[in-house]
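A.B. asks: Generate the whole structure from the sequences, applying the supplied hints.
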Amino acid sequence: MSSPSRVDLLLDLADDELILGWRNSEWTGIAPFLEEDVAFSSIAQNEIGHARALYELAARELGTDADAVAFDRPVAEYRSAPLVELRRLEWARTIARHWLYETADAVRLEVLKASDDAELAGIAAKIDREEVYHRIHAEMWIDRLLGSDEGRPRLDAALDELWPYALGVLDDELRPELVTRVEAKLGRSLPDVDPVPRGKHETELADLLEEMTSVRRSAPAGARW
Amino acid sequence: MSPVSDFSQTPALAPLSAEAVWWALAQIPDPELPVISIVDLGVVRDVRIEESCVHVEFTPTFMGCPALDLMRSQMEDAIRGLGGEPEVEVVLDDSWSTDRITAEGREKLRAAGFAPPTPRAPEPPTLVQLQRGAFRCPWCNSTATRLENLFGPTPCRSLRYCDDCRQPFEQFKTI
Numbered sequence: 045m046s047s048p049s050r051v052d053l054l055l056d057l058a059d060d061e062l063i064l065g066w067r068n069s070e071w072t073g074i075a076p077f078l079e080e081d082v083a084f085s086s087i088a089q090n091e092i093g094h095a096r097a098l099y100e101l102a103a104r105e106l107g108t109d110a111d112a113v114a115f116d117r118p119v120a121e122y123r124s125a126p127l128v129e130l131r132r133l134e135w136a137r138t139i140a141r142h143w144l145y146e147t148a149d150a151v152r153l154e155v156l157k158a159s160d161d162a163e164l165a166g167i168a169a170k171i172d173r174e175e176v177y178h179r180i181h182a183e184m185w186i187d188r189l190l191g192s193d194e195g196r197p198r199l200d201a202a203l204d205e206l207w208p209y210a211l212g213v214l215d216d217e218l219r220p221e222l223v224t225r226v227e228a229k230l231g232r233s234l235p236d237v238d239p240v241p242r243g244k245h246e247t248e249l250a251d252l253l254e255e256m257t258s259v260r261r262s263a264p265a266g267a268r269w
Numbered sequence: 002m003s004p005v006s007d008f009s010q011t012p013a014l015a016p017l018s019a020e021a022v023w024w025a026l027a028q029i030p031d032p033e034l035p036v037i038s039i040v041d042l043g044v045v046r047d048v049r050i051e052e053s054c055v056h057v058e059f060t061p062t063f064m065g066c067p068a069l070d071l072m073r074s075q076m077e078d079a080i081r082g083l084g085g086e087p088e089v090e091v092v093l094d095d096s097w098s099t100d101r102i103t104a105e106g107r108e109k110l111r112a113a114g115f116a117p118p119t120p121r122a123p124e125p126p127t128l129v130q131l132q133r134g135a136f137r138c139p140w141c142n143s144t145a146t147r148l149e150n151l152f153g154p155t156p157c158r159s160l161r162y163c164d165d166c167r168q169p170f171e172q173f174k175t176i
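Residue numbers (the working numbering), protein chains in the order written: chain Z, 45 to 269; chain W, 2 to 176.
Certain hints may be false.
Now the stretches of chain Z that chain W is said to cover, found in silico as 3 or more residues with beta-carbon under 8 Å [what the hints assert, rightly or not]:
1. 72 to 86
2. 94 to 103
3. 120 to 132
None of these hints come from the bench; they were simulated from the model.
All residues carry an ideal CB built from backbone N, CA and C; glycine is no exception.
C.D. replies: Structure representation (structure tokens):
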């Protein structure tokens, strides 16, 4: 398997963080209770901050600016993993997606932190300091749902549904590490399925981008606030 | 007095010193926590002067912090106020940590009711540490406090509750 170019790698990461940040922000105001409203809003803010920094690096290589990269590409050019695109306003599925993504992201960040590319390694290390709190939050919820008679079957169903999508976040080399970590936490094995690959977009992405870029598109010359 | 025509004789336009720039930056309050300055916060990593150009290395705190753009423009204004041409470089590596908040900054935070961050450990924090660790209440100094929410009103803060004085308070996250 050929490795993606540097700019493609930056866009894989940035698109995942932007789209998931948007999805997480959909809980703002309507999460099951106030603490989670605050948590998902704050996590969304972090993810979009990571996306912004990564888009700035990508934009420098592409000779444009971060907003143009983030918002002006056609849907087909987004490199996000389908896991982050799904609109799942249901708590067990949201927690399953949150934890699967954060676990996969941790595997990826560990590799990037050790990269020979000092700029990539530096930004990965900085992102990872913040992601620690996301992982603590996600794992706390997994423990909570696994320990409840109502939560466990609902979480299990959501994990089984999302598992092929989770596998699609990582490339072939890193995928076995995700399987190991997820199975160790759950104490059960997950089905050996084909991953839903990056770039194979769900229709939900088009709807998301339509909504996310509506203000920008309404003022093509640039909105002034 | 005659109109100033010889600028080299004007004290305000004397060659800029790094000390003067550091002083001016230290007058800028953190936009979200105005009790401390951006220098107390540790986001200014370096100041270098080349003739009239003032190069500042700025290390953002949390990457999603909406105050970063404002900090940057305030730094540029402060440098222009000294007669310098600002060049603020945003350093996106892992060099900012809550350990960079100065001792003075920590005291100011505590006095304003924000518990300062605990020192960064070699290993990242765990939930057990955050739940059981001896986090002091900034109001009454008790360690009988508990974690209410890992996340708070801004990316840099968690919410805790003091069982002694029964006050909620905001705890700086360690990163």
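A.B. asks: Does each hint hold? Answer for all of them.
C.D. replies: So, going through the hints one by one against the coordinates:
{"no.": "1", "hint": "72 to 86", "result": "holds (count 5)"}
{"no.": "2", "hint": "94 to 103", "result": "holds (count 5)"}
{"no.": "3", "hint": "120 to 132", "result": "violated (count 0)"}
Violated hints amount to a single one, hint 3; each of the other numbered hints is respected by the structure.
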